[in-house]
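**Q** Taken in order, these protein sequences are the chains called C and L. Take the first sequence: its letter number 145 is residue 145 in my numbering, and every next letter is one higher. Take the second sequence: its letter number 157 is residue 157 in my numbering, and every next letter is one higher.
There could be a bad hint or two in this list.
Below, computed lysine to any residue pairings styled on SDA-like, alpha-carbon distance capped at 25 Å [said to hold, decoys possible]: (1) L/K210 <-> L/P125; (2) L/K175 <-> C/R113; (3) C/K14 <-> L/M41; (4) L/K83 <-> L/Q70; (5) L/K175 <-> C/F169; (6) L/K258 <-> L/R235; (7) L/K210 <-> C/P65; (8) C/K83 <-> L/A37.
It is worth saying that the hints were derived from the structure and are not from the lab.
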Amino acid sequence: MTTIAELPPGFADKVLSAQSTFRSVMSAMARPGSVQRIVPMAGAPGMMMRGTAAIALTLFDHDTPLWLDARMTESSDMVKWLKFHTGAPVIQDSTIASFALVSDGALLPPLERFALGTSEYPDRSTTVIIQVESLDAGPSYELRGPGIDGVATLQASIKPSELFERLRFNETLFPRGVDVVLVAGDAVVAISRTTRVVNKGS
Amino acid sequence: MNAPAYNFAYLDEQTKRMIRRAILKAIAIPGYQVPFASREMPMPYGWGTGGVQVTAAILGPQDVLKVIDQGSDDTTNAISIRKFFAKTAGVATTTSTEEASVIQTRHRIPEAALHANQVLVYQVPIPEPLRFLEPRETETRRMHALAEYGLMHVKLYEDIARFGHIATAYAYPVKVNARYVMDPSPTPKFDNPKMDNCPALQLFGAGREKRIYAIPPYTQVVSLDFEDHPFEPYRFNAPCALCGAENSYLDEIVTDDKGSRMFVCSDSDFCEGRQAEGHHGALSAAPYKDKAQGEAQGKDNG
Numbered sequence: 001m002t003t004i005a006e007l008p009p010g011f012a013d014k015v016l017s018a019q020s021t022f023r024s025v026m027s028a029m030a031r032p033g034s035v036q037r038i039v040p041m042a043g044a045p046g047m048m049m050r051g052t053a054a055i056a057l058t059l060f061d062h063d064t065p066l067w068l069d070a071r072m073t074e075s076s077d078m079v080k081w082l083k084f085h086t087g088a089p090v091i092q093d094s095t096i097a098s099f100a101l102v103s104d105g106a107l108l109p110p111l112e113r114f115a116l117g118t119s120e121y122p123d124r125s126t127t128v129i130i131q132v133e134s135l136d137a138g139p140s141y142e143l144r145g146p147g148i149d150g151v152a153t154l155q156a157s158i159k160p161s162e163l164f165e166r167l168r169f170n171e172t173l174f175p176r177g178v179d180v181v182l183v184a185g186d187a188v189v190a191i192s193r194t195t196r197v198v199n200k201g202s
Numbered sequence: 001m002n003a004p005a006y007n008f009a010y011l012d013e014q015t016k017r018m019i020r021r022a023i024l025k026a027i028a029i030p031g032y033q034v035p036f037a038s039r040e041m042p043m044p045y046g047w048g049t050g051g052v053q054v055t056a057a058i059l060g061p062q063d064v065l066k067v068i069d070q071g072s073d074d075t076t077n078a079i080s081i082r083k084f085f086a087k088t089a090g091v092a093t094t095t096s097t098e099e100a101s102v103i104q105t106r107h108r109i110p111e112a113a114l115h116a117n118q119v120l121v122y123q124v125p126i127p128e129p130l131r132f133l134e135p136r137e138t139e140t141r142r143m144h145a146l147a148e149y150g151l152m153h154v155k156l157y158e159d160i161a162r163f164g165h166i167a168t169a170y171a172y173p174v175k176v177n178a179r180y181v182m183d184p185s186p187t188p189k190f191d192n193p194k195m196d197n198c199p200a201l202q203l204f205g206a207g208r209e210k211r212i213y214a215i216p217p218y219t220q221v222v223s224l225d226f227e228d229h230p231f232e233p234y235r236f237n238a239p240c241a242l243c244g245a246e247n248s249y250l251d252e253i254v255t256d257d258k259g260s261r262m263f264v265c266s267d268s269d270f271c272e273g274r275q276a277e278g279h280h281g282a283l284s285a286a287p288y289k290d291k292a293q294g295e296a297q298g299k300d301n302g
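Please build the complete structure, drawing on both the sequences and the hints.
**A** Spelled out as structure tokens, the structure:
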């Protein structure tokens, strides 16, 4: 039996680590496509990356219903860690989730299954956090939109490879839509619902 | 042992998480007002409770904070908020626009160009630009949902019909990223062009009205206007009486009861910087200072 004592730890300094992590995520969201680093260390259970763990400790709590992909749901260590450190309710129904954690892009469900917000309240949508292989090597993507001075180039190896095609539904849905946060280790890139891929190189 | 009286930056961590989530949504949907559970702050509504909560949620020990009130670093509101964060967060404070990493502002955008590593936090009294045209929140929300902004243009048109020009001089409505009409807070319309394509992140907090909204960096911000009545920033036609600047926003200061007045830069850091560089205006204090340095003859007004 796993006792609480065996769980990986949270932040050593809750207050300042959360602040520093938030600033990285805020910069990422404000400048889509730019790679931000998460500095504070926290224990991360199982397949959870360092950056994902830090974001979870910074943004999740009892007010944020959380949806996990199948692989994460199966890992009881992960669910216990999330429940113990954040108190976020883990739910099955992705359409009411505040956050979704996807450990493997192959397990990403159709994006329409997440909360997209309403026309009156587009903020009531799911922020999807996807763990990816790399955010500094791989195919290059050219991004445009608010937060980007002209064109931003992102080099990343992302699963699913057609993620950006799938995110194009944000274009017609706006202001509804989902915001995506990509994590690779301690690197974070945000793709907000206003970000458009203009050119996909190889 | 003395336990610290407050959490870092005053707010508790649960509140900060809630505000931080609202900020992320606000950035993702430029110009959209995100509702948040605004807390009571140790200052009255109207003194910047919204801006203070946003600043408290983003501030870290490495930040350098500047607070301005109508452009000035040395008014009561600016000084008390600066001291509040110096005390509760122990952050360094500055009056220099260039050196600051977080600038909280009431009703002005600094004259000096902002850079990419800065965050500008606005204090907002009424976040809803349509509120005076339509008092019902359910209706304004619907209007934003449908991007139904005809009413705002009618209001600007009525200005033209009555005065011959768009008489709205502050809180001049803007359209953000070609979608949401947004209240830029009661900044003079002189400042509106600075919001467009700004390298810094702009966050807006309204405490009493419980709304947070944002303009990401490099985002299009257009002041509403008409083809035949284009938007024009307004400025008093005078140089600053202290530093001689001809391109800054001016405050009008009444100097006696006989109608005399002087115009000075509203941005105190900008004005002092120019004076330090040797620029002088018509009423520059320099002659007085020279005299004080010379003989001890005090200039007695009495």
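**Q** Are the hints correct? Go through all of them and say.
**A** Checked hints:
no. : hint              : in the structure
1   : L/K210 <-> L/P125 : holds (10 Å)
2   : L/K175 <-> C/R113 : violated (31 Å)
3   : C/K14 <-> L/M41   : holds (22 Å)
4   : L/K83 <-> L/Q70   : holds (18 Å)
5   : L/K175 <-> C/F169 : holds (23 Å)
6   : L/K258 <-> L/R235 : holds (23 Å)
7   : L/K210 <-> C/P65  : holds (22 Å)
8   : C/K83 <-> L/A37   : holds (23 Å)
The structure shown violates just one earlier hint, number 2.
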